[in-house]
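Put chain B on the given structure of chain A with help from the hints.
Protein chains: 2
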Amino acid sequence: MMKLHCFGESGNAYKAALTLTLADAAWEPVFVDFFQGATRTPEFRALNVMGEVPVLEDGDLVLSQSAVIQDYVSSKTGKLGGKSAAERRDVLRWMFFDNHKLSGVAGPLRFNMNFLPEDKRNADVNNFMAMRLASALKVMETQLSETQWLAADDITIADIACAGYLFYTEDFTFDRADYPNINRWLTAIADQPGWKHPYDLMPRALG
Amino acid sequence: MMKLHCFGESGNAYKAALTLTLADAAWEPVFVDFFQGATRTPEFRALNVMGEVPVLEDGDLVLSQSAVIQDYVSSKTGKLGGKSAAERRDVLRWMFFDNHKLSGVAGPLRFNMNFLPEDKRNADVNNFMAMRLASALKVMETQLSETQWLAADDITIADIACAGYLFYTEDFTFDRADYPNINRWLTAIADQPGWKHPYDLMPRALG
Chain A
1 MMKLHCFGES GNAYKAALTL TLADAAWEPV FVDFFQGATR TPEFRALNVM
51 GEVPVLEDGD LVLSQSAVIQ DYVSSKTGKL GGKSAAERRD VLRWMFFDNH
101 KLSGVAGPLR FNMNFLPEDK RNADVNNFMA MRLASALKVM ETQLSETQWL
151 AADDITIADI ACAGYLFYTE DFTFDRADYP NINRWLTAIA DQPGWKHPYD
201 LMPRALG
Chain B
1 MMKLHCFGES GNAYKAALTL TLADAAWEPV FVDFFQGATR TPEFRALNVM
51 GEVPVLEDGD LVLSQSAVIQ DYVSSKTGKL GGKSAAERRD VLRWMFFDNH
101 KLSGVAGPLR FNMNFLPEDK RNADVNNFMA MRLASALKVM ETQLSETQWL
151 AADDITIADI ACAGYLFYTE DFTFDRADYP NINRWLTAIA DQPGWKHPYD
201 LMPRALG
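If you read the protein sequences in the order shown, they are chains A and B. One point on numbering: in the UniProt record's numbering, the residue at position 111 of the first sequence is 111, and numbering is uninterrupted. One point on numbering: in the UniProt record's numbering, the residue at position 196 of the second sequence is 196, and numbering is uninterrupted.
It is possible that some hints are incorrect.
Claimed, not checked - Straight-line alpha carbon distances no greater than 30 Å define the calculated DSS-like cross-link-like pairs of lysine-lysine that follow: (1) A:K120 with B:K120; (2) A:K83 with B:K120; (3) A:K138 with A:K3; (4) B:K76 with A:K76.
Hints were generated in silico from the structure; no laboratory data involved.
With the rest of the complex left out, here is chain A (with noise of 0.2 Å):
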């Protein structure tokens, strides 16, 4: 049984978690209490030096990084990878493309818009960060324009990546309404056998 330290509210924690329920891998989280300080403490730091959740505990294999935990469960379960190298490359391709301009920005302005008391909220960093979001989903948008999914002939863990904030309803700038054709592909996501919201599969930190 698998072990994944995380906590609901994470997007990146989501990555990892749908990702093993989608390929039907035995596995349960491990409550990550990140409001009251959890990933800062010592032992948390020596499980994983970067300080962040998602962490896999696979017997003593510990992994860091939601990408290398899907790419780790994609490669053990033989589901959710590319079927060929040119498909392997554009899913790595997506996955840094999410981790570089989508969730590296989409994480940051949630956690800032609805986490952080209001009077540390600052518009000027917020609407910098909405404009930067609003680039990449344009940039997905157009590739879900063209293809049914970003990087395959079927969903991959690149979906998964690109995914992993856009079900949370908490604002962020980010409207279903407004991107038709990613509208359309979370449906799809979503419509996955086993598919739950991040709040269903991991224990949430608030609320």
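Quick look at chain B alone, frame taken from chain A:
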């Protein structure tokens, strides 16, 4: 002869260019006039829907995302990758960390502080990114206080990725003197045979 679409000011392009160089691959740069909008043209978007450099052409194969290009060059040449499955996972882990937390912040911060017109620079936005950059650098400093290289016993594409922005001398709040282990590691990278500064490896768009 592989062709790398790039320009000197792009740290992401530099990661690909330095990987090609240190792996002794045959390549030539194709200059992209970024500041004149060259990545926003329909022709460039047809090459890369993401509208970004670098793009690598190897015969009919077209690759984008610096990390995917680095991974391809490493696989093709058998150099600069990890020596075991565990090392390769750690290489990938630091490359995702770089994209998500390091270059994903250093890139826009350096752009905003140096290449934006002065009246468009925003101190709150830049301070926010400087804080995030310092957090990422602190993680690397911790790792490099324990190991000589980030992901393996020798230099890998993970080191090249994480160093991508750190050789530039324009001010983006990074000072090597603040991070003795990062400083030692950057010197070790620059000591590799064939190493060149980004402005000596790729055509510059400015200056």
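Taking 30 Å as the top limit, are the C-alpha atoms of A:K138 and A:K3 close enough?
This hinted pair is violated, its Cα atoms lying about 35 Å apart.
Mind checking the alpha carbons of A:K120 and B:K120 for me, to see if they're no more than 30 Å apart?
Cα-Cα ~23 Å, so holds.
Keeping to a limit of 30 Å between CA atoms, is the pair of B:K76 and A:K76 held or broken?
holds, 24 Å
Under the criterion that the straight-line Cα-Cα distance not exceed 30 Å, is the pair A:K83, B:K120 satisfied?
Answer violated: A:K83 to B:K120 is near 46 Å, above 30 Å.
Violation of the numbered hints given earlier is confined to hints 2 and 3; the remaining hints are satisfied by the structure.
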